[in-house]
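Visitor: Protein chains in written order, with the working numbering: chain A, 1 to 266; chain B, 267 to 560; chain C, 561 to 927.
Calculated from the structure, these hints are not laboratory results.
A few of these clues could be false.
[Claimed, not checked] In silico DSS-like pairs for lysine-lysine, Cα to Cα no more than 25 Å straight-line:
hint	chain 1	residue 1	chain 2	residue 2
1	B	Lys291	B	Lys486
2	B	Lys421	C	Lys911
3	C	Lys892	B	Lys349
4	B	Lys486	B	Lys441
5	B	Lys349	C	Lys566
6	B	Lys460	C	Lys908
7	C	Lys670	C	Lys658
8	B	Lys421	C	Lys908
9	B	Lys353	C	Lys566
Fair warning: this is a prediction, and the values are worked out from it, not measured in the lab.
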Amino acid sequence: MAEIRNAIQNDQPLLVAERLGKNYGRITACRDISFALYPGEVLAIVGESGSGKTTLLQLLSAQLASSAGRVSYRMRDGVLRDLALLGEAERRFLFRTDWGYVHQDPALGLRMAVSAGANVGERLMAVGWNHYGRIRQTASSWLERVEIDTARIDDAPRTYSGGMRQRLQIARNLVTEPRLVFMDEPTGGLDVSVQARLLDLMRNLVGELGLAAIVVTHDLAVARLLSHRVMVMKGGQVIETGLTDQVLDDPHEPYTQLLVSSILPP
Amino acid sequence: MNAPAYNFAYLDEQTKRMIRRAILKAIAIPGYQVPFASREMPMPYGWGTGGVQVTASILGPEDVLKVIDQGSDDTTNAISIRKFFAKTAGVATTTSTADATVIQTRHRIPEATLHEGQVLVFQVPIPEPLRYLEPRETETRRMHALAEYGLMHVKLYEDIARFGHIATSYAYPVKVNARYVMDPSPTPKFDNPKMDNCAALQLFGAGREKRIYAIPPYTKVVSLDFEDHPFTRYRFDAPCALCGAEDAYLDEIVTDNDGSRMFVCSDTDYCEGRQAVGHRGRESAAPHKERPHG
Amino acid sequence: MYVAVKGGERAIENAHRLLAHERRGDPDFPEVSLAQISEQLGLAVDRVMSEGSLYDRELAALAIKQARGDMIEAIFLVRAFRATLPRFGAAEPADTGKMRVARRISSTFKDIPGGQILGPTFDYTHRLLDPQLADGFFPEAPAISDALPGATPRVTDILGRDGLIEPSPQAEVDAPVGDLTREPLSFPADRDLRLQNLARADEGFLLAMGYSTQRGYGRNHPFAGEIRFGEVEVEFFAEDAGFAMPLGSIALTECQMVNQFKGSATEAPCFTRGYGLAFGQSERKAMSMALVDRALRARELGEEVLAPAQDEEFVMSHSDNVQATGFVEHLKLPHYVDFQSELGLLRKLRKEFVAAADPPPMREAAE
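Please model the complete structure; the sequences and the hints are all you need to start from.
Guide: In structure tokens form, the structure reads like this:
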């Protein structure tokens, strides 16, 4: 297991979910989810498709209204706020500055027809940066940081490979130094060697920036590499939770055991 | 069949009241697009119905009206609109910018500085500055409400990355009163500085898109740019061939089949006024005078 | 010496005179009368009334004559006139159930109470140009039936009685009906404004949109539940009199489409509706309108909005042909000032392009 950097900075939780649930008519997508996420902590939510993990991610990132329970987030001023009570302006501002959201399909998290530089610079301009040279310079250094050739800064992500697009999406999200990043299957759809590089990059960045992150994945290897803690979901509920190494090395629940045992040996 | 009877300046009083309410709202929130129930006018949408409705709503019997298109009083649509108001309102009309109390314009701001008490009414085709970046009205309204103008800056950034300059030469977006981003209508960017701290009231009417917006007198209007790529006025590097003006926007006229060109003031009143007091350009009858190149 | 162009006013006057002359055409031929247009080109009049949003056959015929047969120009004339008319109130909702039907068909049932009445229709004609119509044609008198006209209950009411079709969406009783011509449109739009927008929409545009749904762009499985055409009374509630007074009757075409059924967690599945209404005998318009109405209800019926016909903003912003033609044709107006700006910018960019003679550095290939 890769080294866990102790990134927990203080004892106040950053994001708190209390008895969170969502149903569509008679179908329950998820229910009774409760946990607290601390600054600098990475939580993986694992489960198969249909387990409710993506719905949960959308609830946590205030993109979906809950049917039960609530999600609270500690704003920069230290106050814990119920996300459902935030005004639209506040929520959108949060999304652009304090939060990141990495989609499985990078095309959803990027402007595909606009240059890489503009993609990364957009959030900066949205918070008032007004110097083209400085914006470009910052965008360029971020491209470097995510290991994209800076000569590609004026190319649109349409011309990028899948792995490059994903790295660009990450740069676009991290440029405003958010405190919390949501990731939905960030390495899904990439081939294995590309995945490995990307995971390495993500782990380093998360550590360097002291980011908290919630990563949804069906891939236990991703969970093991990135997260401190893991929640296992099945049928919309959390069936097991704990430190990643402990849960993956010594799963208690039969379902978790099944998941762990089905990881192909490297 | 009964022939309809028309009110002063064509619109009925109810409609004028509705439009004036929209105008007042617009003045109270500089640069904000106020929706209004545009009426079907006797000229086509896209041909100035917004400007005409604004003008019709503010005209009084004592007003003096000037109508220009491309800076000239004599272009066909300007003539058509001026005749419309002469017929339906019976107001005095003029080609003199200084003498007019209401000036309806398409695509130009007059060269002469406007004074207090004048109203400049712009004809606007697409009021939404973000329209070509985001076609959905529901989205652009939200962006204005939340002052989320990132998309506009992305476009400007892209221009510089691709062309080395901001590639907008007309309808150049401005920020009004440090709050709303506004489309000044398809005036050349050359005219943008005239909107800043202007003594006259500036009203913008978009009939087809059903929006009215305004810049009250003496309001701050800033063209969007980057600190290191500041807004510059474009103007052709030549004096007017007829009056010699070096600070006016010029029309390019092709004079023969070999492609010869000359440049003449777009603002016909301004050019004629200068000629009337003796200014000449190289194409005029008076002998050519050497001018220092400005 | 260059002299600035003048004389625009005279040019316009001459253009108008020439137009009037062309409009009259060869004076050796008799002038066409409004009555002839209204009687013999009745469907053109129907369209102009529908999209002009004004029921007046004589005025519509005049508009068609003045517009030299250009339908959208005629619709524009009618609309501009309508805008000058004083408004003294809204009529009572027209009860199409009480229509004196001249034509009434349903494709959902073989036979229905009141019967399938073909009426005057092109439907089963063979589209062979008939030179007999060129001049002096006297049609035979139409057949007369002995049977008395029976009641013609709405087919959708028949389905509704068994709960097989959703009830017609009702607005709140006291809520004022929106008026497109009095308020600016904003999205999302309620159904009353949507239907108004569709009622005055360009027939060709709606036809294409409706057609697209049938070809899979937002398919909603339509059946023509009923199409009826005939005269309907218009009533106005007079405050002083205390009752609704009949103002007269107008010809209407109504189309009720029966569409894709749906249910929910709490309700049993049933058919859904699409509605179309037009002045005169405008079947194509009423049917297209019903298809698009149903498509636009995607949002309220919880369907995914994927196709252009389901996109409320797209359909409603581009359905008005008077607005559309105004903007398209406005390109004929002088734009040389802006063009001058563009020329300037382009020349500058071209100059810089030539000056920057060095080839760009080789780029590393993407991974």
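Visitor: Look at each hint and say if it fits the structure.
Guide: Hints, verified against the model:
no.: 1; hint: B:Lys291 x B:Lys486; result: 18 Å, holds
no.: 2; hint: B:Lys421 x C:Lys911; result: 23 Å, holds
no.: 3; hint: C:Lys892 x B:Lys349; result: 20 Å, holds
no.: 4; hint: B:Lys486 x B:Lys441; result: 8 Å, holds
no.: 5; hint: B:Lys349 x C:Lys566; result: 16 Å, holds
no.: 6; hint: B:Lys460 x C:Lys908; result: 24 Å, holds
no.: 7; hint: C:Lys670 x C:Lys658; result: 22 Å, holds
no.: 8; hint: B:Lys421 x C:Lys908; result: 20 Å, holds
no.: 9; hint: B:Lys353 x C:Lys566; result: 21 Å, holds
Hint check: no violations occur; every hint is consistent with the structure.
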